[in-house]
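In the numbering used here, the protein residues as written are 5 to 97.
Since the hints were derived computationally from the structure, they do not count as laboratory data. Accuracy of the hints is not assured; some may be wrong.
[Claimed, not checked] What follows is a set of in silico ranges between Cβ atoms, one per label pair, in the way DEER data are often shown: (1) I39 x W17: 19 to 29 Å; (2) I78 x V21: 18 to 28 Å; (3) K89 x R35: 38 to 48 Å; (4) S79 x W28: 18 to 28 Å; (5) G74 x A53: 21 to 31 Å; (6) W28 x M5: 26 to 36 Å; (7) I39 x K89: 40 to 50 Å; (8) G77 x H51: 28 to 38 Å; (9) E63 x I34: 24 to 34 Å.
[To be verified] In silico EDC-like cross-links for lysine to aspartate or glutamate, where the CA-CA straight-line distance does not exceed 20 Å: (10) K10 x D93; (11) K10 x E63; (12) K89 x E63; (13) K92 x E63.
Every residue, glycine too, gets a C-beta built ideally from N, C-alpha and C.
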Amino acid sequence: MTLYRKAWLFTGWTMLVFVTSPLWLFWPFIRLGLIGALPGMALWLAHGAAFLWLFRCPECGTSPFTTRLGFVGISHPWPRRCCSKCSKDLTAN
5 MTLYRKAWLF TGWTMLVFVT SPLWLFWPFI RLGLIGALPG MALWLAHGAA
55 FLWLFRCPEC GTSPFTTRLG FVGISHPWPR RCCSKCSKDL TAN
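Given only the sequences and the hints, what does the whole structure look like? Please build it.
Have a look at this one:
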């Protein structure tokens, strides 16, 4: 499975987590207060970290969820087809 396909599958999973967030984030917050929402917030932050650190270009190590514009990097929720740093095609094996 290509890196691009894996990244899109993870994006789909994250969107499912986002859509179901009222069940696992806001309901515990209403029932238990801030302590109930802390595990949900940690889960959401972990998904953000996974976007940036689990998926890497095999050539240069740049995340497909970032766009490098010189020194500045922009993160977005969808993966790129080719690496923004080395231009490697991420849809190929």
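Taking the hints in turn, this is what the structure says about them:
In this structure, I39 and W17 meet the distance hint of 19 to 29 Å, their C-beta atoms being roughly 26 Å apart. Taking the beta carbon of each, I78 and V21 are about 22 Å apart, inside 18 to 28 Å as hinted. The beta-carbon spacing between K89 and R35, approximately 46 Å, falls within the hinted interval of 38 to 48 Å. About 24 Å separates the C-beta atoms of S79 and W28, a value consistent with the hinted range of 18 to 28 Å.
Checked against the hint of 21 to 31 Å, the C-beta distance between G74 and A53 comes to roughly 24 Å, which is consistent with it. A C-beta distance of roughly 28 Å is found between W28 and M5, which places it inside the suggested range of 26 to 36 Å. As the Cβ distance of I39 to K89 is approximately 42 Å, the hint placing it in 40 to 50 Å holds. Checking the proposed 28 to 38 Å range against G77 and H51 shows it is violated: the Cβ atoms sit about 19 Å from each other.
Checked against the hint of 24 to 34 Å, the C-beta distance between E63 and I34 comes to roughly 47 Å, which is inconsistent with it. Straight-line distance between C-alpha atoms of K10 and D93 comes to about 14 Å, which keeps the hinted pair within the 20 Å bound. Proximity of K10 to E63 is assessed by CA-CA distance (about 17 Å); at most 20 Å being required, the pair is judged to hold. Taking the CA atoms of K89 and E63, the gap is near 10 Å; set against the 20 Å cutoff, the hint holds.
Restraint check for K92 and E63: the C-alpha separation of about 7 Å stays at or below 20 Å, so the hint holds.
Figure legend: structure checked against the earlier numbered hints; hints not met, in rising order: 8 and 9.
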